[in-house]
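**Q** Single-letter residue listing:
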Amino acid sequence: MSMLPILQTQDPYLERLPLLLREAFTHYLPEPWHTLSNQLISIVVILSVFGLLFAILTLAERKILGHVQNRPGPNRTGFFGMLQPFADGIKMLTKEDIVPVAADHVLHLLAPVSLLAASILTFAVIPYGKNLVALDIDTAALYFFAVGSATELSVFMAGWSSNNKYSLLAAMRALAQLISYELPLIISWIPVVMVASTLSLTRIVSLQSGYSFGILPHWYVFTPWGFVAFALFMVSALAESNRSPFDLPEAESELIAGHLTEYSGFKYALFFMAEYFGMTALSGMAVSLFLGGWNAPSPYLTFIPSYLWFAVKLLSLLAGFMWIRATFPRLRIDQLTRFAWKFLVPLSLINLVTTAFWILSQNWGHLYFIPRLIITLILIVVPYILLSKKLGRGYAVRTYTYAPQ
Amino acid sequence: MNDQTLNLCLLFSSALFCIGLITTLSRSSTILILLGIELMLNSANINFIVFERTQPDVSTSHGTLFVLFTIAIAASEAAVGLALLIALFKHQRSVVIDDASQLKG
Amino acid sequence: MTLSATYLSLIPLLPLYAAALGVLLPKKNKHFVSSLTIIAMATSFIISLFALNQALKNTSIHSTYNFSWFNLGQESVRIGILLDPLTAFMAVMVTFISTLIFIFSTSYMKEDENMKQFFCFLSFFASAMLGIIISNSLLLLFISWELVGLASYLLIGFWFHKPEAAAAAKKAFLTTRIGDLGFLLGILWLYHTCGTLLFYDHGHGILEHHVLASIASQATIFGLPLVTAIGLLIFCGAAGKSGQFPLHVWLPDAMEGPTPVSALIHAATMVAAGVFLIARMYPLMQADQFIIATPFHTLTIIAFIGAITALLGALIAGSQYDIKRVLAYSTISQLGYMMMALGLGSWLAAIFHLLTHAFFKALLFLGAGSVIHASHHEQDMRKLGGLSKSMPITFATFSIGMLALCGFPFLFSGFWSKEAIIHAAYEWPVSILPLIISLIAVALTAFYMTRLMGEVFFGTSRADHHHHTHENKAQMTVPLSLLALCAIAVGFIGTPSWPWLQSALNGTPVEAEGLFKGGIVMLGSILLVAGGIGLGWVLYIRNLRTNAHEEDPLETMIPGTFKLLGSRLKIDEFYTATLGKLNTALAILSNGLDRYVWDLSIQGLAKLGQLSGSINYAMDEEALNQGFNVTSEKIRQSGVQYSKAQSGETHGYLRVFAITVVILTLLIITLWS
Amino acid sequence: MNATLLITIGVTLISSAVALSLRNLIHSVLLLVITWIGICAFYLIFNAEFIAFTQLLVYVGAISMVALFAVLLTRVAPSTNQRNKQSVTRFIYALITGLSLFSLMAFAVLHTDSPKEKVEALPATVYSIGKALTEEYAPALMITGSLLTLAILGSVLLAAHSPQSKENS
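Chains as they are written, first to last, in our numbering: chain A, 2 to 406; chain B, 4 to 108; chain C, 658 to 1330; chain D, 4 to 172.
Note that these hints are calculated values from the structure, not bench results.
Worth double-checking, as some hints may not be accurate.
Which chain D residues face chain B? A few, computed with CB under 8 Å, are given here [said to hold, decoys possible]: (1) Leu75; (2) Ala135; (3) Pro142.
If you want a taste of the chain B side facing chain D, the calculated C-beta under 8 Å gives, among others [said to hold, decoys possible]: (4) Asn10; (5) Leu13; (6) Cys21; (7) Ile40; (8) Met43; (9) Leu44; (10) Ala47; (11) Asn50; (12) Val53; (13) Arg56; (14) Leu68; (15) Val83; (16) Leu85; (17) Leu87; (18) Leu88.
Here are a few chain B residues that sit away from chain C, every Cβ distance over 12 Å (derived from the structure) [claimed, not checked]: (19) Asn5; (20) Thr8; (21) Leu11; (22) Ile25; (23) Phe51; (24) Thr57; (25) Phe69; (26) Ile89; (27) Lys93; (28) Ala103.
Bear in mind that the values here come from a model prediction, so they are computed numbers and not experimental data.
The beta-carbon is built from N, C-alpha and C at its ideal position, and this holds for glycine as well.
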């Protein structure tokens, strides 16, 4: 566990504040318990911070959506409706938990729990700041997506266990979407690994520190391939976390609630929470992979502690999520899968090639930087244009697989 | 690691292998037979890892790489097997493996 | 600049690659293929110009690039590439003429449906020829030699739907094979003696001094020097390729191929190969000059055969009606000249004549091709005529070529080269015969070329169907004009007063003499040319042929001789009568042997076998079969039993499998502990 | 560490045994997921992080999904005489075979003297694995990649082609 080295005196005080606080807690305990207590503290901190963030996010989303749609949004509970999320929580807790008689009770309970567990587990490896990471392992990125891929299972459990054909069909649809978008999601961040030649997120973030010309930070999003990868990653992340415009799994206005039809009360709240956690974790991942993690955008702003920078980037990405939700209409299921398989996957594969070229042409020297850039751009833009042409050329005729022809 | 841990791990893997084998031999559902085979592959992987940990050859991690390849093979095996299963199901509405016996001599 | 081996090897390889690519491409993009081959050819022309430049830097050295091809035991067979003035001049000539001929063909073969194939073959042919030229090893040379033969077979028989074409292709192939057999024997003998086939190998090549000396000392069983024997064997190959007297029969028939092919074969490449071979092997050929105790020398034989061929070709050429055949026989006679010059010991003159002849003969053939193309594939001179008005460019260029071939004094290249040869004949100590023959041949050449001109270009058109012929397109006329230019210009690089070419080829500068060193001989030959042309004029131009069926003036004068000549001295018939008969007799003999001797014995054996077989059969039926029946019945039943195991139950198989695994594990454990 | 190891092994074995003896295919697949997670934990105990997470990604993420889809796509009305006499005898056979094999292997394991030198091999870092994969094992990697591609294409073709569509076309 790499909370150490703590006492880096060149770091400003604010930078070291969280670790010092933890020291204040732990240094009373005997030596052998330190590791355990450290982990416990980080777990508690993560849970509380992101639980609170979840509460705030729900409120913020409702407010933002409301203002986008020219209505005030929740403003009754507490000051400006600040207490709304807690009221919601209490409501959810006190509601009756309805379980269908024919349902598979164990799985029915297990589904939200496992989903939430998986999405919470993903928080462990994200570096929130300099020396601020709960679990600094060598294979952090792989861990993130391995654990994240377990969520599909719980979606299936939810759909199947509630023993309702609509839930099952919706679950299949949701799974189709998740699997389709997991490919571009995973392929899109592989370029970063190719360039950084490591899977450890702290290493990746530290590789993105430093500034060229003293002004332009070395974030991967500022390279051609990095930008494309970032865009692909964000789109796939939208779909992975069932956000609009890809929120078909529980399209409130079309399906009842998709695979969550038979859920109510606190279990439903758990699903909801897991969705927000997933969104947050993916945004954090995007920040660490492409946006330079906790690095300051400019060398003159490094006096602001790193975790604050991380928070700023994370929150801006989340705001972007909400903005998109407020803006875009929902896709159709065939358009959705078509988009994934005919556009995102090929483009991300091509982006791999582009990155390979970028790496191979690293030693071209400054003289050839412009041609290198141009070739890279061509490698990306031409396929993009072609693919989008192909995609835009009329939508697929709807084929009714299950209806009688 | 000491001997008893090693033996424990080896027994574990062999037990896993035998469970897979018993499944393959006893169950009539093709899906379960495939999963049993997957289990056997897993036990083989376990042995690789365990022996890599005990062997002094630290320079290259052959065991790990071999396990990687085995996992890849297992994945493709599962994909092809289940696709075959579905094709079989489309032909005769059953996944019971003994129903697929038109070619009997 | 200096060319490395790779650049030199590009000269033959580029056309080869072009041909290979063309073969792979589909039939429809024939224009692409043609332009591709042309570009490749032009490129290798440029490369060979560079090569020439490099070779002329120091003409006395032979720069070689040898490498080991493969190893037999501890013997390593080495081949290589050679660059010296001879190679360079030949390469330039071949590539230049081939390029022009390719360009010509694009228009000539336009409406042929196999045009793409045609260009592939042409390119392949040229590349093989270039391979002959640049190879530094007799082995490599022989390989390219055979490839040339193959390509010529493909090209002569290109219009294989015509039975004559197919027959001609076969004839050319087989006739040259006869020569190549001798060639191969010579090569093997040489390799057996010297242990290498490289020409120049830093003092160890077969053309270098002390190797030659070592061979020259040996003698064969017939008291004939070894060198002479090998030289004659190799000359067989040369004779076959460049149509010397006994083996010249394929050459006129080869006219069945498309005209560009004839031009390529008879002007630049195939027939030149033989002369080139002798010139290349010249040190070997003249190695026996200093041996007194020998019935004859190689070069003497070559000289006489060349002389005979020259006379023969010239005689027959005067009596043919097919325009291309006339040119073919003139080619034979000119090749005879070259061979004679080689035999007379002045290979410089031979190569000089080879180069000049290449240009003007290519010009003549392409001119003939243009005539034929314009007059809808009419080749009979009696049916042509009066083309000088309708085809001015062709007429002009053709007449330039004709004058060059006749050796019209002072202006045309043919004159100088021929003069050199005649001069060599004049100075030859051994015999006066070559001089006489060459002088006669000069006159005859002038005569029949004038006849050709008169028949084809003057007078009025005598075609059965009255179509108006018109001048061809630029793809045809431009090469003609270029070649005409060369036919004039090339002569001046080898005049006696300025023997630049000879010096370059020889390596040591040849001293320049007066322009008129020929003196009386030159005067005589000029007079003979004038006489030939004059006679031709009187017979064929002053009183022009009016209709296609009136008989030839010569025929009226000397009918017997003319008929004899017209039937090509009955040489083909002679071969048919002798060799063909012999062949047939052998065939019949072997057939009879097969049928009556071997077959009888075999049938006897078969009868024996049948007898024993019947005995066997009887025994089986009586004694054994009952037992067998019972056994096989049992076996069948057991099979039925076993087939029950084949239940189609997957679990059955799996179970067997697992149990086997268990047993094997048990075995292993028991064996190890 | 031993306690963790024992717990992991116990969970894995029990879950797999139960999984493969259940009637309900969905349940057995989900239990097998637990088995796979257990194996992943086992790898983690032996410091093979990369393998562990690959296992998680491939088995829990992919293969379980494929298996579940297969189960759902090939569902038939549950036949009444599932557990007939034949399957019982077959189970007994299988049990005998498996147990004998296990006993043999156990015998072998317990009677083999393990390697003398007790070198604790260092865990393979991701970097070393990647290096080996791209340099020493590059051909194998390429072959595996092409195999996977072909397998996926082939399975898609197999599953997509349906008899009645063939009759139509």
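**Q** Decide, hint by hint, whether the structure agrees.
**A** Hints versus structure:
About 11 Å separates the beta-carbon of D:Leu75 from the nearest beta-carbon of chain B, more than 8 Å, and the hint is not met. A cut of 8 Å between beta carbons decides the hint on D:Ala135: the least distance to chain B is about 6 Å, and the hint holds. Using the Cβ-Cβ criterion of 8 Å, the hint placing D:Pro142 at the interface with chain B is not satisfied: the shortest such distance is roughly 12 Å. Taking 8 Å as the C-beta contact cut-off toward chain D, the hint placing B:Asn10 at the interface holds, the least distance being around 6 Å.
Here the hint on B:Leu13 is kept, as its CB sits about 4 Å from the closest CB of chain D, short of 8 Å. Hint status for B:Cys21 relative to chain D: holds, with the closest Cβ pair at about 4 Å, below 8 Å. Checking B:Ile40 against chain D by beta carbon gives a least distance of about 11 Å; that is not within 8 Å, so the hint is violated. For B:Met43, the interface hint is violated, the least distance from its beta-carbon to any beta-carbon of chain D being 11 Å, above 8 Å.
Taking 8 Å as the C-beta contact cut-off toward chain D, the hint placing B:Leu44 at the interface is violated, the least distance being around 10 Å. Taken as an interface hint, B:Ala47 does not check out: its beta carbon lies about 11 Å from the nearest beta carbon of chain D, beyond 8 Å. The criterion of a C-beta within 8 Å of any C-beta in chain D is not met by B:Asn50, whose closest approach is roughly 10 Å, and the hint is violated. The criterion of a C-beta within 8 Å of any C-beta in chain D is met by B:Val53, whose closest approach is roughly 7 Å, and the hint holds.
A least Cβ separation of about 5 Å between B:Arg56 and chain D falls short of the 8 Å threshold, and the interface hint therefore holds. The criterion of a C-beta within 8 Å of any C-beta in chain D is met by B:Leu68, whose closest approach is roughly 6 Å, and the hint holds. For B:Val83, the interface hint holds, the least distance from its beta-carbon to any beta-carbon of chain D being 5 Å, beneath 8 Å. The beta carbon of B:Leu85 is positioned within 8 Å of a beta carbon in chain D (closest approach about 4 Å), and the interface hint is therefore held.
The interface hint given for B:Leu87 is met, as the beta carbon of that residue sits about 6 Å from the closest beta carbon of chain D, less than 8 Å. Contact between B:Leu88 and chain D, as hinted, is supported at the beta carbon level, the nearest pair being about 6 Å apart and thus within 8 Å. A cut-off of 12 Å between C-beta atoms confirms that B:Asn5 is not in contact with chain C; the least separation is 22 Å. The beta carbon of B:Thr8 sits about 23 Å from the closest Cβ of chain C, which is more than 12 Å, so the claim that it is off the interface holds.
In this structure B:Leu11 is separated from chain C by more than 12 Å, as the shortest Cβ-Cβ distance comes to about 20 Å. The beta carbon of B:Ile25 sits about 9 Å from the closest Cβ of chain C, which is not more than 12 Å, so the claim that it is off the interface is violated. Every beta carbon of chain C lies more than 12 Å from that of B:Phe51, the smallest distance being close to 19 Å; the non-interface claim holds. No Cβ of chain C comes within 12 Å of the Cβ of B:Thr57; the nearest lies about 19 Å off, and the non-interface call holds.
Here B:Phe69 stays apart from chain C, with its beta-carbon at least about 21 Å from theirs, past the 12 Å limit. The non-interface label for B:Ile89 is consistent with chain C: the shortest C-beta to C-beta separation is roughly 17 Å, beyond 12 Å. Distance check for B:Lys93 against chain C: the nearest CB is about 19 Å away, which clears 12 Å, and the non-interface claim stands. Distance to chain C contradicts B:Ala103 as a non-interface residue, since its nearest Cβ pair spans about 7 Å, not more than 12 Å.
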